[in-house]
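J.: Chains as they are written, first to last, in our numbering: chain A, 1 to 205; chain B, 1 to 289.
If you're looking for bench data, these hints aren't it; they were derived computationally from the structure. Each residue gets a CB set at the ideal place from its N, CA and C atoms; glycine is no exception. Keep in mind that the hints are not guaranteed to be accurate.
[Stated by the list, open to error] Which residues of chain B face chain A? A few of them, derived with a C-beta cut under 10 Å, are:
#: 1; residue: I47
#: 2; residue: L53
#: 3; residue: G57
#: 4; residue: P60
#: 5; residue: I61
#: 6; residue: R101
#: 7; residue: G114
#: 8; residue: L117
#: 9; residue: D132
#: 10; residue: P155
#: 11; residue: D164
#: 12; residue: L165
#: 13; residue: T234
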Amino acid sequence: MSIVDLNIPIAENIIRSLHVGDQVRLFGTVVTARDAAHAFMKDSFFHGPIPEGDREVHDALQRLWQGGVMYHCGPVVGKDAAGRWRFVSAGPTTSTREEPYEADVIAYFGLRAIIGKGGMGPKTLAACQQHGAVYLHAIGGAATLIASYVKEVLTVYKKDELGVPEAFWVIRVEGFPAVVTMDAHGESLHARMYEESKQKLAALL
Amino acid sequence: MENLVPHFIELIRRAATDLPADMEAALRRARENEDPSSAAQTTLDAILENVHLSRQGSTPICQDTGTPIFYIYYPTGWSTLALKKQIRAAVAEATARSYLRPNSVDTLTGKNPGNNLGEDFPYFHFEEWEEDYLKVDLMLKGGGCENVGAQYSLPDTRLDANRDLEGVRRVVLDAVQQAQGMGCAPAVIGVAVGGDRGSSYIKSKEQFYRSLDDESPNPKLAALEKRLTTEANTLGIGPMGFGGKTTVLSVKIDSLERLPASYFVTASYMCWADRRRTLVYRDGQVTIS
Numbered sequence: 001m002s003i004v005d006l007n008i009p010i011a012e013n014i015i016r017s018l019h020v021g022d023q024v025r026l027f028g029t030v031v032t033a034r035d036a037a038h039a040f041m042k043d044s045f046f047h048g049p050i051p052e053g054d055r056e057v058h059d060a061l062q063r064l065w066q067g068g069v070m071y072h073c074g075p076v077v078g079k080d081a082a083g084r085w086r087f088v089s090a091g092p093t094t095s096t097r098e099e100p101y102e103a104d105v106i107a108y109f110g111l112r113a114i115i116g117k118g119g120m121g122p123k124t125l126a127a128c129q130q131h132g133a134v135y136l137h138a139i140g141g142a143a144t145l146i147a148s149y150v151k152e153v154l155t156v157y158k159k160d161e162l163g164v165p166e167a168f169w170v171i172r173v174e175g176f177p178a179v180v181t182m183d184a185h186g187e188s189l190h191a192r193m194y195e196e197s198k199q200k201l202a203a204l205l
Numbered sequence: 001m002e003n004l005v006p007h008f009i010e011l012i013r014r015a016a017t018d019l020p021a022d023m024e025a026a027l028r029r030a031r032e033n034e035d036p037s038s039a040a041q042t043t044l045d046a047i048l049e050n051v052h053l054s055r056q057g058s059t060p061i062c063q064d065t066g067t068p069i070f071y072i073y074y075p076t077g078w079s080t081l082a083l084k085k086q087i088r089a090a091v092a093e094a095t096a097r098s099y100l101r102p103n104s105v106d107t108l109t110g111k112n113p114g115n116n117l118g119e120d121f122p123y124f125h126f127e128e129w130e131e132d133y134l135k136v137d138l139m140l141k142g143g144g145c146e147n148v149g150a151q152y153s154l155p156d157t158r159l160d161a162n163r164d165l166e167g168v169r170r171v172v173l174d175a176v177q178q179a180q181g182m183g184c185a186p187a188v189i190g191v192a193v194g195g196d197r198g199s200s201y202i203k204s205k206e207q208f209y210r211s212l213d214d215e216s217p218n219p220k221l222a223a224l225e226k227r228l229t230t231e232a233n234t235l236g237i238g239p240m241g242f243g244g245k246t247t248v249l250s251v252k253i254d255s256l257e258r259l260p261a262s263y264f265v266t267a268s269y270m271c272w273a274d275r276r277r278t279l280v281y282r283d284g285q286v287t288i289s
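Using the sequences and the accompanying hints, generate a full structural model.
T.: Quick look at the structure:
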């Protein structure tokens with residue numbers, strides 16, 4: 001099977017041409033966000049006026065996520081000799097915890113792809129179909145390997161408030177590999193695997 | 001007491017960055033067993049490449065360096081207070097060196113102190129023993145796999161699971177199916193039968209200190225371990241839940257006393273990044289294996 005290279009920002013028609021099982025490689029700017037970041041976005045962005053102190057991160061995310069990519073990841077970071085941040089170890093975290101938030105986040109920012117592991121639920125799948133987005137599965141635990149595709153840490157938001165694992169890390173990736181497991185056509189590998197394994201379980205009980 | 005802090009830092013580094021040989025060998029066997037060029041096989045290839053790169057570069061195999069769980073066996077006369085102090089100092093330093101992610105979060109305030117230290121973090125279990133040396137077992141237990149662990153109170157009518165080993169079999173298979181790939185399959189499943197809710201969870205996690213290739217000394221449990229490993233792999237969940245023949249690498253079962261009223265079965269899930277190392281301090285010499 002061929003591998004599709006995706007340059008960020010990604011156009012909607014390209015996303016809609018992808019299907020479950022397609023392998024992709026990502027190039028460009030990605031922003032990490034996980035549990036506390038999602039709760040923060042819900043509290044600060046989605047209800048009324050944005051607090052003055054959060055305006056900077058809001059506007060940056062709006063710019064970076066229009067056609068952009070979110071990564072469910074809480075990295076191990078370090079600093080190089082020049083004092084710049086670098087990603088040491090950075091695999092995906094379990095995505096299903098963001099299921100209550102993600103459909104709203106996709107709609108609000110115009111995200112084209114979410115990278116994570118373990119898949120997400122029906123609400124996110126519907127949002128992918130409606131807004132033109134995909135869920136990309138990275139290999140859980142393959143953290144050193146994945147960090148090698150992160151070429152640069154551009155900046156970080158909310159690190160002091162949320163802590164290192166939960167901050168919004170803005171990174172530049174080159175050739176970040178992932179597989180489409182939820183597409184913009186309503187197909188989910190995870191839903192299919194769940195049903196198939198459930199039937200196999202029934203046969204064993 | 002001698003300053004063992006540098007050795008405890010090395011224990012943590014080895015655990016976080018150097019996957020034990022029994023796990024790596026099992027992943028290699030699984031890789032050979034999957035269909036050529038399948039998603040399962042390419043996933044296992046990436047996992048094995050990551051294991052190699054992490055060992056080479058001394059970087060964490062997985063960014064979730066988990067809860068450090070220390071089991072400390074000490075000869076009579078040692079100070080557990082002094083041991084705890086030294087290990088806590090080692091944990092903070094290992095975090096500063098990026099061997100560990102700052103993982104300890106105050107549950108009520110959400111604050112992360114950044115050094116992996118808290119009143120109840122990391123986790124310690126001390127046991128005085130009759131040997132004349134110190135042994136420290138360290139396991140790093142990731143959060144993604146911790147979240148998919150499950151406890152059942154038998155009888156469980158939904159699964160038609162009664163208070164016997166057939167009931168145990170049924171609920172463990174259910175736990176594996178419910179977990180899908182979310183706990184980073186292929187997994188090791190640690191099972192405890194009996195106890196109260198708390199002791200049962202602890203016993204199930206203690207199974208992860210066992211060698212991957214051993215079996216229970218109890219023939220009935222050994223047979224169930226083997227059967228569950230085989231049956232779980234027919235569920236087709238596969239590495240990362242992409243489908244495939246390898247969903248679990250091993251199942252480990254132990255039992256503990258229960259009350260007449262209770263019959264708990266606890267299945268803890270350990271991801272493929274099953275990170276554990278042992279430090280032995282004997283006659284002034286330290287070995288880490």
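J.: Could you check if B:D164 really has its C-beta closer than 10 Å to a C-beta on chain A?
T.: violated (14 Å)
J.: With a cut-off of 10 Å on the beta carbons, see whether B:D132 makes it to chain A.
T.: violated (38 Å)
J.: Take the shortest C-beta to C-beta distance between B:I47 and chain A; is it under 10 Å?
T.: Holds, about 6 Å.
J.: Tell me if the interface restraint on B:P155 is satisfied: Cβ within less than 10 Å of some Cβ in chain A.
T.: Since the shortest Cβ distance to chain A is 14 Å, the answer is violated.
J.: Does the nearest C-beta of chain A fall within a distance shorter than 10 Å of the C-beta of B:L165?
T.: At about 14 Å, which exceeds the 10 Å cut-off, the nearest Cβ of chain A leaves the hint on B:L165 violated.
J.: Close enough to count: is the Cβ of B:P60 nearer than 10 Å to one in chain A?
T.: holds (4 Å)
J.: Would the stated hint for B:T234 survive a check requiring a Cβ distance to chain A of less than 10 Å?
T.: OK, holds: B:T234 within 10 Å of chain A, min 6 Å.
J.: Restraint: B:I61 near chain A, CB-CB cut 10 Å. Satisfied or not?
T.: B:I61 check passes; min Cβ-Cβ to chain A is 7 Å, inside 10 Å.
J.: May I ask you to test the interface hint for B:L117 with respect to chain A, counting a Cβ-Cβ separation under 10 Å as satisfied?
T.: Since chain A brings no Cβ nearer than about 14 Å to B:L117, farther than 10 Å, the hint is violated.
J.: A closest beta-carbon separation below 10 Å is what the hint needs, so does B:G114 meet it against chain A?
T.: holds (7 Å)
J.: Holds or violated: the hint that B:L53 contacts chain A, with Cβ atoms closer than 10 Å.
T.: holds (5 Å)
J.: Any CB of chain A closer than 10 Å to the CB of B:G57?
T.: Cβ of B:G57 sits 6 Å from chain A, so the hint holds.
Checked against the numbered hints listed earlier, the structure breaks hints 8, 9, 10, 11 and 12; every other hint is satisfied.
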